[in-house]
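Q: One-letter residues, chain by chain:
Protein chains: 4
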Amino acid sequence: MGNDLYRSRLGNRLNKKVLKFLSSLEDDLWIAQEDVIGTEVHNIMLFEQNILNKNELKKILISLKKIKEKFTNKQIILDHTFEDIHPLIEKWVIDAIGIEIGGKIHTGRSRNDQISVDLRLKIRNELNSLSKKLFRLTEKLLALSKRTINFFMPLYTHFQRGQLGVFSHYITNYISQILRSLERIDEIYKRINLNPLGACAIGGTSININRKRTAELLGFEGIVENSIDAISSKDYLFETLTCLSLISIQFSRIAEDLLIWSTKEFDFIELDDQYCSVSSVMPQKKNPDTLELIRSKASKIISNLFTASMIIKAIPTGYFRDFQDLQNLLKNSLISYFQL
Amino acid sequence: MGNDLYRSRLGNRLNKKVLKFLSSLEDDLWIAQEDVIGTEVHNIMLFEQNILNKNELKKILISLKKIKEKFTNKQIILDHTFEDIHPLIEKWVIDAIGIEIGGKIHTGRSRNDQISVDLRLKIRNELNSLSKKLFRLTEKLLALSKRTINFFMPLYTHFQRGQLGVFSHYITNYISQILRSLERIDEIYKRINLNPLGACAIGGTSININRKRTAELLGFEGIVENSIDAISSKDYLFETLTCLSLISIQFSRIAEDLLIWSTKEFDFIELDDQYCSVSSVMPQKKNPDTLELIRSKASKIISNLFTASMIIKAIPTGYFRDFQDLQNLLKNSLISYFQL
Amino acid sequence: MGNDLYRSRLGNRLNKKVLKFLSSLEDDLWIAQEDVIGTEVHNIMLFEQNILNKNELKKILISLKKIKEKFTNKQIILDHTFEDIHPLIEKWVIDAIGIEIGGKIHTGRSRNDQISVDLRLKIRNELNSLSKKLFRLTEKLLALSKRTINFFMPLYTHFQRGQLGVFSHYITNYISQILRSLERIDEIYKRINLNPLGACAIGGTSININRKRTAELLGFEGIVENSIDAISSKDYLFETLTCLSLISIQFSRIAEDLLIWSTKEFDFIELDDQYCSVSSVMPQKKNPDTLELIRSKASKIISNLFTASMIIKAIPTGYFRDFQDLQNLLKNSLISYFQL
Amino acid sequence: MGNDLYRSRLGNRLNKKVLKFLSSLEDDLWIAQEDVIGTEVHNIMLFEQNILNKNELKKILISLKKIKEKFTNKQIILDHTFEDIHPLIEKWVIDAIGIEIGGKIHTGRSRNDQISVDLRLKIRNELNSLSKKLFRLTEKLLALSKRTINFFMPLYTHFQRGQLGVFSHYITNYISQILRSLERIDEIYKRINLNPLGACAIGGTSININRKRTAELLGFEGIVENSIDAISSKDYLFETLTCLSLISIQFSRIAEDLLIWSTKEFDFIELDDQYCSVSSVMPQKKNPDTLELIRSKASKIISNLFTASMIIKAIPTGYFRDFQDLQNLLKNSLISYFQL
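Sequences listed follow chains D, H, P and G, in order. Numbering-wise (numbering that gives the first Met the number 0), the first sequence opens with residue 0 and increments by one. Numbering-wise (numbering that gives the first Met the number 0), the second sequence opens with residue 0 and increments by one. Numbering-wise (numbering that gives the first Met the number 0), the third sequence opens with residue 0 and increments by one. Numbering-wise (numbering that gives the first Met the number 0), the fourth sequence opens with residue 0 and increments by one.
Pulled out of the complex, with its shape left as it was, chain D reads as follows:
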């Protein structure tokens, strides 16, 4: 069946290889829970606006709850004839409660504003979780800086010894940087935490929906006023990737410091065994692989920002399928090491 849900006009089925090429199905699992939550809220609003009746809403919410549980329990079997997760969830609802009621769940909504809700909810969670981790890190660094206030070492410029300093001076420098990154997360958060629902495909809808109500129920601080802006602008993704890039640059430079300091030649620190690898031919070595990968992952995270910039810049105002690849960039940047 798959996209036949919508393929009424087009005679031929999608070519199989094309389907594989277009599909974001596997990637969509990352935002599946958010998708169902968005649909729940959308349908509660449809009921409040008298577009659905009480019985319809009840059936819809029960079927969505079951789908959510399946995702939680990883009991999902993906039907790879679907291009993405959104019509597949719709199909599951229809399978469960029939086309007459199930077919109404997308009333006054398009895949375009739906995906934007999913991503905004997901990023919101991820940024909250990241802030917590960064805050905990600053606490640990603060403790470390207190312990190392009498640990004297040269301050380097150009890799050359300059003035005399203390180790904790370096550590508090790291803290200052991370605190600024926490500040930035707060700033972009308020622009991400806005409701795009109601923008529909690009031009809104004539159906009597209530954008402020879905905003309220989803915990958004407001709505994205202009429907073209809601669908076409991707600065909330750009900003998130920028933020992650800057943090990854900070981490990479910290890793570089530790790499240098742990050489036999500099010898300021020794890395804990549990963060090091060993050589297959030189057993006397203790290799700082973790630090090296923090460094290379930073290159990947920065490049994801670059890819997003290229993709967004290359297209005129409107919706284009190119946007699909932005989701994957975001996911990759986040799982690089922020989600460990």
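None of these hints come from the bench; they were simulated from the model. Accuracy of the hints is not assured; some may be wrong.
As a list, the in silico DMTMM-like pairs of lysine to aspartate or glutamate whose alpha-carbon atoms are at most 20 Å apart [said to hold, decoys possible]: (1) G/K189 with P/E182; (2) G/K57 with G/D94; (3) H/K90 with H/E25; (4) H/K263 with P/E264; (5) P/K73 with P/E33; (6) P/K263 with H/E264; (7) G/K53 with G/E39; (8) G/K67 with G/D94; (9) D/K330 with P/E25; (10) D/K19 with P/D272; (11) P/K103 with P/E55; (12) G/K189 with G/E220; (13) H/K330 with G/E25; (14) P/K65 with P/D78; (15) D/K284 with P/D83; (16) H/K15 with G/D272; (17) P/K330 with D/D26; (18) G/K65 with G/D78; (19) P/K189 with G/E182; (20) P/K16 with D/E125; (21) P/K58 with P/E68; (22) D/K58 with D/E39; (23) P/K16 with D/D271; (24) P/K189 with G/E186; (25) G/K330 with H/E25; (26) P/K64 with P/E89; (27) P/K15 with P/D83; (28) H/K15 with H/E25; (29) G/K16 with H/D272; (30) H/K145 with D/E224; (31) D/K285 with D/D271; (32) H/K284 with G/D83; (33) H/K58 with H/E89; (34) H/K57 with H/E99; (35) D/K15 with P/D271; (36) H/K69 with H/E39; (37) H/K330 with G/D26.
Listed next, the stretches of chain D that the computed footprint assigns to chain P, with coverage defined by at least 3 CB atoms under 8 Å from CB atoms of chain P [what the hints assert, rightly or not]: (38) 16-24; (39) 268-277; (40) 292-304.
Every residue, glycine too, gets a C-beta built ideally from N, C-alpha and C.
With chain D held as given, fit chains H, P and G onto it using these hints.
A: Okay, now just chains H, P and G, sitting in the frame of chain D:
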């Protein structure tokens, strides 16, 4: 003479080609006024801290005022035996008022914190000027959106006609984007507008300077607390370049819209002659070269962000000459079209 | 067990999260067959050099053959306590034929030269397969150009109609570009198709191996002479990514042409239904999603080159774990659409 | 006057700021000599094809010779009402020999194929010069490797001491890399050294020109067959930038090695004073600024490749003014340090 000012220990002169390679002299003209202002304020503080006496300060300020005037009147003759503008300005002061007093102007300061002050002052001015321009642009777009509220046109997704809309819907979408960029400028401004003076080369100074006082006199909202952070962290440059990149992406997409709409095939708008070029062999053509260059300049501005990311990421904590190239990236991004 | 194979010196086990962070196990499946082939050939050479006896070689080859079959039949169960596939394959051999013989298979080899062999073999296959596909594409384009030699259309510059031309003029332009890409593949092929075995960790080995013999058996055209160069230089990866980037740029521009030409406004071509998606709310639309994703994938492939450049550039001569992430970039670029 | 040369149809003059924005006049000086040479050859061919008579050719060649001399002697005064150098040179010819003859020099040629000739000639020269320099460098490195064959030092992986090696082992590793880059220059050279003349704006010309003859006179190995390909494809620029990027990555890593080795902690080498800077506050220091800038310039050169990729990828087949910015990228990459 040139860098002989400092070359006491190193026997050999700098190789001529090396000097040319190292030199940032031409580029430094961009921040020369800011450099002199920073030196004025630094010396006022030195006087208030009883490090200079009244007569010394007076002579220093008079000589600096004359240098500032020379920059304003473009009467500067660069001595290309100098690697950068900062020791050259010092030499001019010494030439004017003698080594005994002139030699004191950098007391408690290094080129590292000095350059950081210059750049922060410069960026501050540029961001203020950019905000004004963007604000004026939104006013013009608002007027345009009012005039085009009855101009019907299709809303496109995938370059395919979707719903019916109005031209002003597109225009207000542009306004929304620019307003968010104005918001971002405000946010980064407060992190840029901080005083790095006192950080010296990297580890601060034992001389009794007053960082809060120079911050106050230069209009900075506070100081960069940690001296290593003040010299080694370049997130204020990264953020500025990020902000310019996002605006350039917005402008590029607007240019792309106008390009498409002005084709004979779409034919929604006609470009004003004064923004168009003509063909050397096909006189019937009116070419939208301005829009095309807005698009290609955006690629340059985005790439400047990535160059900066690469440069900053590649080095450990500390000061390295690599940073010199960041100044040029910033300048290039700003003159691409923001300074027209 | 996992890396305990080598962890003799380091007291503590790898932290679990660290192991997950370091692991390339899943990614390594992509080069697993090549890895076993490299090991087979290495051991045949060890036998010819009298480092293994006939019985040992026989047992080793039989156990490797079984492993290869398991990979082919996807019967592999990955032990996630291993950081990468290479010691895991070694463990399987040891489990099968005992430590006394199985422990010898890496004699005179390190993971560093081993991985380089795997990648070079893999790239060789991929480039051959890509060449075939590009050649087939030029044949199809040639046929199309013949069919469209009387299909008149304007030649555009600046999106403005210029001279009159024919459709096949555009098509033969595509062919010219692809032929140059085929030429480039040939050129880089000869630098990739060289044997790094014998470089060991970085400095070669004192064991009496025969580099020319393994080159011969693996079909390499020669050896990488300098052992540091063999391990530390990654230009063969850079070149491959460059080649893929250029092809993806060519494809993206072709996709852009087709996108424009298939708009209702230009209307030169109509896309086949089986390459198009439909809208969830606007059933009259036929969306060229395939073309749009060809465009966005190109951004990803280009960015992979940029990531690789950043990673390689950031490290001094030698081996660093950062290199691990290059393998994934290559894989991602290749599966973006070249392996469909 | 300026572009009025061609502005017949468009009523209004170019807006002054727009002119400044569009202008490549300063940048064009870089290819001015090549431009005149291209025009000379084009006009000789026009004479051979009986499109010009002997007297006309004579006058044209004499006026072009004078212009070339002016460029050589830096006696050029740029008229900034022109957008680029090409119509300005045409105007000088017309001023010198009158519109009747001077107006014929561009017969059967457009600015599009003209600029492509200029760039191909320029790149050809630059690559020849670069090859010579790289060859000389390998000779110096070879001599150094011979002198250091008994200079023992550890071979590092992960910044950790591994096997024992000799300094010359590192040096010959550098040589191997550079030799491959020399090979690449040869390969791309043959694709650059082709004649685009005759492609005109994009669709060729009906005038009876002789493409093979201009190719012969300009020393091109052949012609770019397809006229769209000749104007629209920019892979010859992409390839050149790729080649420069890879060399800059190699140089950056060499610089990184030298930086590490010259620290007090590693202490394998001491840098010559004439390549080092001094600190303004710490006179005991000798700073490896030259090496650091080799590193940061590499980031710039790599980014130029990515800017070019973005610009080229973003536009459909045809000519767009975006291409103008490619010339500047190439120039910047070349003068970064290759032209010292």
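Q: If a hint holds in the structure, say so; if it doesn't, say that too.
A: To see whether the hints hold, each was checked on the structure:
1. Between G/K189 and P/E182 the CA atoms are separated by roughly 11 Å; this keeps the pair inside 20 Å, and the hint holds.
2. Restraint check: the Cα-Cα separation between G/K57 and G/D94 comes to about 16 Å, which is no more than 20 Å; the hinted pair holds.
3. With a C-alpha separation of about 17 Å, the suggested pair H/K90 and H/E25 falls inside the 20 Å cut-off, and the hint holds.
4. A hinted pair counts as satisfied when its Cα atoms are at most 20 Å apart, and H/K263 with P/E264 qualifies at roughly 9 Å.
5. The straight-line distance between the Cα atoms of P/K73 and P/E33 is roughly 15 Å, inside the 20 Å bound, and the hint therefore holds.
6. For the hint linking P/K263 to H/E264, the alpha-carbon distance of about 9 Å falls within 20 Å, and the restraint holds.
7. The hinted pair formed by G/K53 and G/E39 meets the criterion: a straight-line CA distance of about 14 Å does not exceed 20 Å.
8. Only pairs whose Cα atoms come within 20 Å are accepted, and G/K67 paired with G/D94 is accepted, the gap being roughly 15 Å.
9. Distance check on the hinted pair: D/K330 and P/E25 sit about 18 Å apart at the alpha-carbon level, within 20 Å; holds.
10. Proposed proximity of D/K19 and P/D272 is supported: the alpha carbons are some 16 Å apart, at most 20 Å.
11. Among the hinted pairs, P/K103 with P/E55 is consistent with the structure: their alpha-carbon atoms are about 9 Å apart, no more than 20 Å.
12. Taking the CA atoms of G/K189 and G/E220, the gap is near 7 Å; set against the 20 Å cutoff, the hint holds.
13. For the given pair, H/K330 sits about 18 Å from G/E25 by alpha-carbon distance, which is consistent with the 20 Å threshold.
14. Of the supplied pair hints, the one linking P/K65 and P/D78 holds, its CA atoms being roughly 17 Å apart against a limit of 20 Å.
15. In summary, the hint linking D/K284 to P/D83 is supported, as the alpha carbons are separated by about 18 Å, within the 20 Å threshold.
16. At roughly 13 Å between alpha-carbon atoms, H/K15 and G/D272 fall within 20 Å of each other, so this suggested pair holds.
17. The straight-line distance between the Cα atoms of P/K330 and D/D26 is roughly 17 Å, inside the 20 Å bound, and the hint therefore holds.
18. Between G/K65 and G/D78 the alpha-carbon distance is near 17 Å, which keeps this suggested pair within the 20 Å criterion.
19. Restraint check: the Cα-Cα separation between P/K189 and G/E182 comes to about 11 Å, which is no more than 20 Å; the hinted pair holds.
20. Of the supplied pair hints, the one linking P/K16 and D/E125 holds, its CA atoms being roughly 19 Å apart against a limit of 20 Å.
21. For the proposed pair P/K58 and P/E68, the alpha carbon gap of about 16 Å is at most 20 Å, so the pair holds.
22. At most 20 Å may separate the alpha-carbon atoms for a hinted pair to count; D/K58 and D/E39 meet this at roughly 11 Å.
23. Only pairs whose Cα atoms come within 20 Å are accepted, and P/K16 paired with D/D271 is accepted, the gap being roughly 14 Å.
24. Distance restraint check for P/K189 and G/E186: the Cα-Cα separation of roughly 12 Å lies within the 20 Å cut-off, and the hinted pair is therefore satisfied.
25. Among the hinted pairs, G/K330 with H/E25 is consistent with the structure: their alpha-carbon atoms are about 18 Å apart, no more than 20 Å.
26. At most 20 Å may separate the alpha-carbon atoms for a hinted pair to count; P/K64 and P/E89 meet this at roughly 13 Å.
27. Between P/K15 and P/D83 the alpha-carbon distance is near 14 Å, which keeps this suggested pair within the 20 Å criterion.
28. As the CA atoms of H/K15 and H/E25 are separated by approximately 16 Å, the hinted pair is consistent with the 20 Å bound.
29. Restraint check: the Cα-Cα separation between G/K16 and H/D272 comes to about 14 Å, which is no more than 20 Å; the hinted pair holds.
30. With a CA separation close to 17 Å, the supplied pair H/K145 and D/E224 stays within the 20 Å bound.
31. Using a Cα cut-off of 20 Å, the hinted pair D/K285 and D/D271 holds, with the two alpha carbons roughly 10 Å apart.
32. In summary, the hint linking H/K284 to G/D83 is supported, as the alpha carbons are separated by about 18 Å, within the 20 Å threshold.
33. Annotation: proposed proximity of H/K58 to H/E89 holds, straight-line Cα distance about 13 Å (limit 20 Å).
34. Straight-line distance between C-alpha atoms of H/K57 and H/E99 comes to about 14 Å, which keeps the hinted pair within the 20 Å bound.
35. For the hint linking D/K15 to P/D271, the alpha-carbon distance of about 14 Å falls within 20 Å, and the restraint holds.
36. Proximity of H/K69 to H/E39 is assessed by CA-CA distance (about 16 Å); at most 20 Å being required, the pair is judged to hold.
37. A C-alpha spacing of about 17 Å is found between H/K330 and G/D26, which places the hinted pair at or below 20 Å, so the restraint holds.
38. Judged by the Cβ-Cβ criterion of 8 Å, the region 16-24 of chain D is covered by chain P as claimed, because 5 of its residues qualify and three suffice.
39. With a cut-off of 8 Å between beta carbons, the region 268-277 of chain D has 7 residues touching chain P; three or more are needed, and the interface restraint holds.
40. Remark: the region 292-304 of chain D is confirmed as covered by chain P, as 9 of its residues place a Cβ nearer than 8 Å to a Cβ of that chain, reaching the required three.
Checked against the numbered hints above, the structure breaks none of them.
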